[in-house]
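S.K.: Here's the letter readout for the chains.
Number of protein chains: 2
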Amino acid sequence: MSTLQSIKEHLAETARYESILSLLHWDQQTYIPAKAHDYRAEQVTTLSGLIHRRSTDPKLGEWLDEAAEIGDDSIQVAAVIRHAKRDFDRATKLPAELVEELARCTSKAHQVWVESRAANDFAIFQPMLEQVVSLKQQQADAIGFDECRYDALLDEFEPDMRTSEVCPLLERLRSELVPLVNAIMDSGKTAPANILERTYPVDAQARFGKEAAAAIGFDFQRGRIDVTHHPFCTELGPHDCRILTRYDEKFFSSAFFGTLHEAGHGMYQQGLPADWYGTGPGKYVSLGVHESQSRLWENQVGRSRAFWQHFFSIANSYFPTALDGVSLDDWYWAVNDVRPSLIRVEADEATYNLHIIVRFEIEQELIDGSLAACDAPDAWNARYEKYLGITPDSDANGILQDVHWSEGLFGYFPTYSLGNLYSAQLFEKANEELGSLEEQFSAGEFTPLLKWLQDNVHGKGSCYSAKELVERATGTALSHDALMRHLADKLNPLYRID
Amino acid sequence: MSTLQSIKEHLAETARYESILSLLHWDQQTYIPAKAHDYRAEQVTTLSGLIHRRSTDPKLGEWLDEAAEIGDDSIQVAAVIRHAKRDFDRATKLPAELVEELARCTSKAHQVWVESRAANDFAIFQPMLEQVVSLKQQQADAIGFDECRYDALLDEFEPDMRTSEVCPLLERLRSELVPLVNAIMDSGKTAPANILERTYPVDAQARFGKEAAAAIGFDFQRGRIDVTHHPFCTELGPHDCRILTRYDEKFFSSAFFGTLHEAGHGMYQQGLPADWYGTGPGKYVSLGVHESQSRLWENQVGRSRAFWQHFFSIANSYFPTALDGVSLDDWYWAVNDVRPSLIRVEADEATYNLHIIVRFEIEQELIDGSLAACDAPDAWNARYEKYLGITPDSDANGILQDVHWSEGLFGYFPTYSLGNLYSAQLFEKANEELGSLEEQFSAGEFTPLLKWLQDNVHGKGSCYSAKELVERATGTALSHDALMRHLADKLNPLYRID
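Protein chains in written order, with this note's numbering: chain A, 5 to 502; chain B, 5 to 502.
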């Protein structure tokens with residue numbers, strides 16, 4: 005068997021175990037009986053251990069060294085080797101004790117965070133945050149970096165992206181977003197958002213959400229939707245992508261836009277080359293690009309007037325009582341309501357990025373040591389005041405609102421905003437190349453856009469880095485311009501801003 | 005680490021993989037997307053291979069040899085070693101080529117059987133049956149036996165039970181069953197069974213079935229019920245037992261008695277000692293005993309008049325239209341309708357065992373070589389005429405009706421009837437020890453019976469052989485007497501037989 009063949013078979017077998025692990029997690033979020041969680045944790049630990057041993061198998065390291073000397077005969081093969089090497093190096097560079105210590109510490113930190121948030125008292129969480137930050141610094145040092153420590157953490161979620169590239173992108177975005185949000189606030193106009201808080205029966209929401217997900221192109225032969233507490237999208241194999249969503253009878257948006265969002269993630273997974281499943285060419289390129297696909301279908305598509313020109317009458321058939329007397333104009337504005345708020349996950353399309361920038365700035369300072377954990381709440385509140393014009397009334401509604409840091413996820417937050425930048429730039433280009441997408445959407449036609457994304461994004465897997473991919477697809481380096489154009493084009497007319 | 009500790013940890017880890025494999029199968033029967041089956045097969049193959057390597061690991065063999073010399077300090081430890089040794093020997097005695105050949109052959113035989121049954125033509129299946137029989141003979145020879153080849157196959161499903169023990173039991177049963185069924189036929193009386201073929205809405209069936217399963221003691225904190233095409237009960241961990249059932253709007257019995265049946269299997273699993281999960285003391289003792297638990301709740305309990313004295317008014321609240329004007333007496337007789345039929349899975353409590361005896365006799369002859377595959381249909385039809393008084397109108401309704409032989413399951417059928425014998429004998433003893441179970445059932449009280457079964461059967465795991473277990477619980481060696489008393493006591497009055 006050739007070296008390349010050995011590597012591919014090793015990766016394919018590991019991918020089978022990883023996808024089985026995803027099934028264990030999916031079941032845990034959906035159908036598992038109440039008392040089966042403890043044993044499930046044992047199953048997960050055992051399988052994770054097996055996957056770790058396979059990922060750090062010295063045999064794999066030797067094959068990868070041999071492959072590096074042979075050279076690659078195609079862009080796909082190069083991606084197989086590059087990604088396998090990257091994963092192997094990241095896995096083997098971390099001392100086993102550090103991995104265990106991180107697992108132990110974040111498991112405890114998560115519990116303490118829950119407690120701390122319930123008590124609305126940051127002081128309870130502070131010592132755990134200090135420990136997590138210290139371990140993440142050690143992790144970054146073990147992995148290594150050229151410019152700054154934070155790079156080593158960012159690289160886990162957004163490979164080949166440097167902090168020095170993300171900072172100017174998000175600073176420019178902020179410098180234009182803050183005035184836009186201020187102008188909206190100063191307009192004195194408010195969206196009729198309370199329409200969304202009428203009664204939307206859960207059954208009808210589920211059927212409408214499924215119909216919309218199928219209409220935009222989520223393939224139910226290769227996936228499904230179930231109900232859970234924490235919405236996500238997971239992959240149990242090359243043809244098995246499962247969305248989890250949740251329903252709130254008294255709020256239309258959470259399930260519907262959540263479903264479009266997760267379906268966007270799902271269609272990306274479904275568009276990855278199945279033949280390369282488990283290797284670079286079959287893998288999503290970065291969390292930012294993954295998020296771009298969910299945001300594109302949720303925001304650029306799902307909150308467009310054209311989308312609702314098609315779907316509003318269908319919505320009326322599902323929710324005749326709630327939508328009685330509501331005009332398309334009112335509905336369109338309601339789903340594009342912009343107003344600064346304290347909670348990230350409830351934020352609108354425009355202010356969302358300001359929430360991310362707060363976190364991105366603070367976590368960089370925590371990791372480089374220029375901000376102490378004890379000072380983080382003040383830093384948080386000051387930035388909310390400065391960027392969003394509001395000050396958190398409590399730590400629970402402030403620095404304690406997100407689970408990420410307790411789980412050791414540093415370097416993750418900026419990928420949300422990168423996703424918004426990627427999505428706007430990709431959508432603008434698709435619109436330019438495909439003629440009027442608006443006309444297509446208003447006729448319920450979403451296939452050309454999906455096909456464009458499959459050709460330019462999904463089908464490429466990880467053959468290019470995220471920034472190369474987007475530049476190849478759009479002909480332009482990543483910038484904040486397309487997102488700002490998208491927001492201004494939509495929001496200026498709604499809020500009568502000149 | 006002590007030898008015993010090493011063995012226990014090895015078995016516990018293997019059990020975690022086996023229970024994960026069960027999740028893969030469960031998901032495949034319930035929620036998997038249509039196009040995900042091929043990759044699921046790859047996941048199953050990979051995980052099965054891992055389990056096989058662990059089960060035949062020479063290290064395990066060495067530990068077991070060491071343990072044999074140390075001796076055991078408790079009945080549980082003895083069971084751990086005895087079962088591990090038995091499984092290891094069975095797994096290692098089979099040459100890898102034979103295992104692969106059997107997998108390949110039965111996989112093909114299954115496809116051919118489907119085709120043959122659809123075409124109603126045994127000749128299509130005959131060459132595959134010959135191959136399967138030949139491989140099962142080789143398997144029996146590789147495993148070894150003292151008295152007859154069939155013993156080696158029977159032992160897989162009913163450990164420590166010999167053909168020479170089963171034969172006289174089932175012959176005596178047959179010699180008394182045939183006259184009972186004849187007397188019922190001669191009575192000229194027929195049950196009002198068409199009541200069961202009215203319209204029973206699926207939703208109401210599902211809710212009623214769940215209510216009944218919970219009432220008899222199935223623990224929904226440690227299990228659940230889902231819908232499938234092929235009902236079964238599976239175990240995904242010590243506290244995770246899942247029932248699959250199916251609903252037919254036009255036939256009450258299949259889902260309801262199917263649910264009681266699978267709940268019986270499930271309560272046995274739930275009653276096994278969780279601390280010994282994956283080792284002898286935590287495992288079911290035999291398929292026969294497993295079947296005794298399902299049959300006991302389905303037949304001895306679920307088809308008793310006392311059960312319906314409690315549940316008939318509840319059934320009326322679920323199915324007011326179907327049960328309008330139906331008396332408890334009619335209902336009780338309908339669910340105890342006895343009449344010879346061609347199809348085993350639709351057979352009643354009395355004639356069911358005659359279907360089994362036909363198969364048991366024929367498969368013994370196939371395995372010992374005294375019956376050629378080409379002569380099996382005639383042998384089948386002749387026995388149906390002799391034991392049930394009816395001749396199959398086709399191979400599809402005759403020898404081709406069951407999937408078992410195509411899957412290589414020889415030695416499996418007799419465990420169904422052994423289950424009926426065990427269940428009657430256990431129930432009779434429980435009734436004697438607990439005072440009147442009838443009174444308890446008619447008050448909706450099933451806990452004492454379940455507790456008795458937990459103490460005498462479930463909690464023992466595999467510490468004793470099946471026959472020891474039943475003899476310890478009932479004070480009597482296994483016989484057909486209790487089952488015949490149960491049937492006569494119920495059926496003689498219904499059919500006015502003296």
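Treat the hints as calculated values from the structure; they're not laboratory data.
Treat the hints loosely; a few may be bogus.
You can't tell identical chains apart in this list, so a pair holds if it fits in one copy or across any two.
[As the list claims (entries may be wrong)] With a straight-line Cα cutoff of 20 angstroms, these simulated EDC-like cross-link-like pairs (lysine to aspartate or glutamate) come out: (1) Lys214 - Asp459; (2) Lys39 - Asp279; (3) Lys455 - Asp42; (4) Lys494 - Glu436; (5) Lys97 - Asp341; (6) Lys193 - Asp207; (7) Lys214 - Asp397; (8) Lys254 - Glu201; (9) Lys39 - Asp223; (10) Lys455 - Glu369; (11) Lys193 - Glu432; (12) Lys39 - Glu119; (13) Lys63 - Asp502.
S.K.: Pop the pair Lys39 and Glu119 into one bin, within, between, both or neither, using alpha-carbon distances up to 20 angstroms.
M.R.: For Lys39 and Glu119, the Cα distance exceeds 20 angstroms both inside one copy (22 angstroms) and across copies (43 angstroms).
S.K.: My question is about Lys254 and Glu201: at a cut-off of 20 angstroms on alpha-carbon distance, are they close within one copy, between copies, both, or neither?
M.R.: Within one copy only: 5 angstroms inside, 42 angstroms across.
S.K.: Between the shortest in-copy and the shortest cross-copy C-alpha distance, which are at most 20 angstroms for Lys39 and Asp279: within, between, both, or neither?
M.R.: between (38 angstroms within a copy, 14 angstroms between copies)
S.K.: Between Lys214 and Asp459, at a C-alpha cutoff of 20 angstroms, which is it: within one copy, between copies, both, or neither?
M.R.: neither (25 angstroms within a copy, 49 angstroms between copies)
S.K.: Could you place Lys455 and Glu369 in one of the four classes (within, between, both, neither) given a Cα distance threshold of 20 angstroms?
M.R.: Neither. Shortest intra-copy (41 angstroms) and inter-copy (61 angstroms) distances fail the 20 angstroms Cα cut-off.
S.K.: Have a look at Lys97 and Asp341 and pick one of within, between, both or neither, based on CA distance no larger than 20 angstroms.
M.R.: This pair counts as neither: shortest intra-copy Cα distance 47 angstroms, inter-copy 71 angstroms.
S.K.: If the cut is 20 angstroms between Cα atoms, do Lys494 and Glu436 qualify within a copy, between copies, both or neither?
M.R.: within (17 angstroms within a copy, 80 angstroms between copies)
S.K.: My question is about Lys455 and Asp42: at a cut-off of 20 angstroms on alpha-carbon distance, are they close within one copy, between copies, both, or neither?
M.R.: Classified as neither: same-chain Cα gap 43 angstroms, cross-chain 25 angstroms, threshold 20 angstroms.
S.K.: If the cutoff is 20 angstroms on CA atoms, where do Lys39 and Asp223 land: within, between, both or neither? Let me know, please.
M.R.: between (33 angstroms within a copy, 10 angstroms between copies)
S.K.: Is it within a copy, between copies, both, or neither that the alpha carbon of Lys193 lies no farther than 20 angstroms from that of Glu432?
M.R.: neither (28 angstroms within a copy, 80 angstroms between copies)
S.K.: Within a copy, between copies, both or neither: which one fits Lys214 and Asp397 at a CA-CA cutoff of 20 angstroms?
M.R.: This pair counts as neither: shortest intra-copy Cα distance 38 angstroms, inter-copy 47 angstroms.
S.K.: Pop the pair Lys63 and Asp502 into one bin, within, between, both or neither, using alpha-carbon distances up to 20 angstroms.
M.R.: Neither: 64 angstroms inside a copy, 78 angstroms across copies.
When held up to the earlier numbered hints, the structure conflicts with 1, 3, 5, 6, 7, 10, 11, 12, 13 and fits the remainder.
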